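Here's the letter readout for the chains.
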Amino acid sequence: MPNTSRHSDPSGVNDGPAAGAAAGTSHHGAVAVDPPLAAAAATDVVGLGRARAFAFVAPALLLIGVFLLFPALWTLYIGATDYERTGPKHVSPSFVGVGNYTDVLADPSFYNSLWLSLLFVGFSAVIGQNGLGFALAWSLRNVAGWVRRTVETLVLFAWILPGSVVAFLWIAMLDRDGGTVNALLGTPGLAWFVDYPMASLIIFNIWRGTAFSLMLYGAALSSVPPSQLETARLAGASGLQTLRDVVFPHIRGHALTNTLLITLWTFNDFTPFLLTAGGPGDDSEIVSVYVYNTAIRDGRLGYSGAISLLILVANVVLALLYLRMLRKRSVS
Amino acid sequence: MTISDDDARRAAWRMAARIGFYALTCLIAVFFALPLLWLVTAPFDASPTYAVDVPEATLDNFAEINANPYAWGSMFNSIVLSIGTALFVVVGAALAAYALSRVRMPGRDALLYVLLLLSSVVTGTAAMVPLFLLVSEIGDSVHPALGIDSSFAVMLVMAGGLLPAGIFMLKDFVDTVPRSYEESARVFGASPLRILKDIVAPLIAPGLATIAVWTVVNVWGNFLVPFILLRDPGKQPAAVLMRTLYTESGQPNLALLSTFSLLYSLPVIAMYLYVSRKYGFRFHGGIKS
Amino acid sequence: MAGISARKLDKVYPGGVHAVDRLDLDIDDGEFFALLGPSGCGKTTLLRTIAGLEQATGGSVLIGGRDVTNVTPARRDVAMVFQDYALFPHMTVIDNISYPLRIKRQARVARHARATEIGVQLGLADLMDRRPAALSGGQQQRVALARAVACHPSLFLFDEPLSNLDARLRLEARTFLKRLQRELGVTTVFVTHDQAEALALADRIAVMEAGRIRQLGTPREVFGRPANTFVANFIGSTPMNLLDGVVRGSTVDVAGGSLPVPAGAEGLVTDGEKVIVGVRPEYVRLSRSGEGLAGEVSILEHLGTTTLVTVDCGDELVGATVPEEDEPEPGAAVRLAPVPGRLLLYRAEDGELIGA
Ligand SMILES: Nc1ncnc2c1ncn2[C@@H]1O[C@H](COP(=O)(O)OP(=O)(O)OP(=O)(O)O)[C@@H](O)[C@H]1O
Ligand SMILES: [Mg+2]
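Residue numbers (this note's numbering), protein chains in the order written: chain V, 1 to 332; chain P, 333 to 621; chain A, 622 to 977.
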């Protein structure tokens, strides 16, 4: 690319202080396609040196490699053995190939947990947190400062408090005999976590996780140009029309991002274990709890390794979708 | 005549919509406040029950914490775990983010991409089996101080999980520091470590603080990792002890539970207030993941 | 103190941009040297290569006779002032100024004393405890200078240090800078894309284009005898008249009239050769009658004490500056005659100067 010298630097015209930083990055962007020989020259503006740069990155990479990457890859192997937590198969596990996978895929309790997870994710995250988060962000955007701050703080507290604490708060609130909810609704003796375990978990998770959607939509809504909202109002559009024609086109990307992230997190959430531990029976044994129960409680490590791998695959799919979204947005 | 009629109807309609709106907002506020209410009333109630009621004010319940052999210890364990992990994450992420931001190494973009992917994909749920096995294995074959029941192992595991996102967030901060600062210092003869210490670290202090707070909040509330890796009640952090308080004793001691919950929650609330006061509560990809 | 030499200096950025192109340059000890050129011509790159912030891809750099091509910036004994000043925002003025001394492990008391001394010299006495964010642009610029002075370098490198100042402040800072350089006597390389700044400040100027030096000379030479049409075009606050012409014996046919071939070009041109005639508007005399090119006044632009008159001559537009009291009427018929000795002749095919 010899003849592109003048055009390769978009900021060549202006070397102002702000443009300086941007110029640095744009040069880097250009470097990405270089022949390796030339790249050796201007790779290092601050004279760190490549050896030292590697030394700087190494500690973090070591931790990540051992405690994140390796376990993920190891799942592949564990899932192909009949490893158990104790007993003879702990000492000398044997290789069973895809045996575990065929077993898992034929196991009704796996489908039970998958179905419960779908319900949990669908109702609590995709519909619940998404909908409530957006509704709150939209209706609070013009509301007086203190009302807004109060609601936001309450919602955020539900999100930041430790899982063990909020779990107990809900156990107390939904208690059969002394719980506040039964007192308010006049339904004494109703054991929510026993009679309606999934519904309770879903309501709980909406309460727990709406904060993220609220903040994300809050940020997204503030990026809608006010002039467009005003144009719609001058044209006499109703609230719903404004939402449909002006707001949604702007925040569609955010909505997708939000949905993907909360789906990923909710799917992997372990807090329901603290509330029901999967019970009664397996009525609320969502996938994350199912893995724990088969692996640590029942000790069937190989079998649960296979399930873990299936979860990993689902996570990878969601994360790749998310990254693709991010990339598309940063391009446009 | 008809016009003013129309106007009146519209005004009444708008009034009703307004009242409805505020009623709904109140309802939602109550929904979010109700579970939290117990947290602030029960600890001060002379006879705490599951229900929320106006307390007969007392501070006696806090004595219950002294009576439990593990309560203070678990709080201390939580502090050690959070601060230890935060040290690993802040130092590791700062060094890595700086090098990745300033030096173009081969495969850097791919590396960053994989890091971002890993940080969201390999969750505790997906990795609990291999993590449990890995740590048991290290304990058996390398040194027991790194195996099951080792706080150090828990720190390393959690640092490994938080580092990718940490590097990512911090790299954003480093990228905003103009290179001319470092180049200028370099011309004056400062060494790279010197530049990192004198120039870069002070400039990205808000970023370092954000990562530290983010790590502490994450570790403080994390239940799964210590639950799997720590069996000895004397080593368990508050998150794990909390659960044993209401599942393992026959009739839960509400005085203890409520006061313990409150004390255990206070640091997180304090950090939230600090962060929102100082930077406004803006989140970088989620202060909690 | 030290001079600088560049020998066949080459800088190719990854990506293939040839920012400095086999460049030879000698800057004398104590000289105030300006690098001038349009945006993207490689001035900053050359400066950064001298500082060692960019590694040369070919050739060598010598500072004070020592080959420093592969020496780190720290060991080159240079000080650089960046366009954005690069003042550390988390340090006070005094800490900023004394930072180079801190790197050299001077004791706190000693380096603060030195910083205060320089600060006072540069009129910063009252600002020593402020942060850069609380300073005006001009003050920031002086702090950046003070910091450069503090490390006692044998070479100053300035990258457009005045371009962030407003027009008025820029003139003041210019004078200040020149006085400072005279007092310290330190060799200084000054990058700018403002030709007036270069003319005003420098002992010598190098005009660059696309990584090469197109002319090197004193301000007077560069202004009065641009070596080619590129430099002619670039230098001067009103653009030079560059008119297509054809040689006819001892005259040149140009703009519907004819002018004598300048003495310095006689014998170097052949009959019928295509040339470009260059003359600065400041060196064109305008009269109602008499000799020169005939034309009609079309536009008047007021430049303060003078007026730039654009005259329609044949199918060319020719500019001339006249004192404000001699301003002609628009539409008036006038004659244009170059001041003797100020007419320049360039070859049409490559734009190089033939003679004056
Ligand atoms: N780090 C880099 N990587 C690749 N190309 C670069 C880099 N820095 C500069 N260039 C290119 O080198 C050429 C010269 O750039 P340089 O910054 O030296 O110009 P300049 O004369 O200082 O311009 P200006 O007056 O705008 O500051 C330009 O074409 C620019 O695009
Ligand atoms: Mg430049």
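Incorrect hints may have been included.
Restraint-style ranges between C-beta atoms, simulated for each label pair [to be verified]:
id : chain 1 : residue 1 : chain 2 : residue 2 : range
1  : V       : Leu321    : P       : Leu356    : 25 to 35 Å
2  : P       : Phe484    : V       : Ala219    : 56 to 66 Å
3  : V       : Gly279    : P       : Leu595    : 22 to 32 Å
4  : P       : Cys358    : V       : Leu118    : 32 to 42 Å
5  : A       : Asp747    : V       : Asp245    : 52 to 62 Å
6  : A       : Val692    : P       : Ala541    : 30 to 40 Å
7  : P       : Ala348    : A       : Ser757    : 52 to 62 Å
8  : A       : Pro710    : P       : Glu469    : 42 to 52 Å
9  : P       : Leu605    : A       : Thr796    : 33 to 43 Å
10 : V       : Asp82     : P       : Arg563    : 17 to 27 Å
Read the hints as simulated data drawn from the structure, not as lab findings.
These numbers were taken from a predicted model, which means no experiment stands behind them.
Built from N, CA and C at the ideal position, the CB exists for glycine as well.
Check the structure against each numbered hint from earlier and tell me which ones fail, lowest number first.
2 and 9
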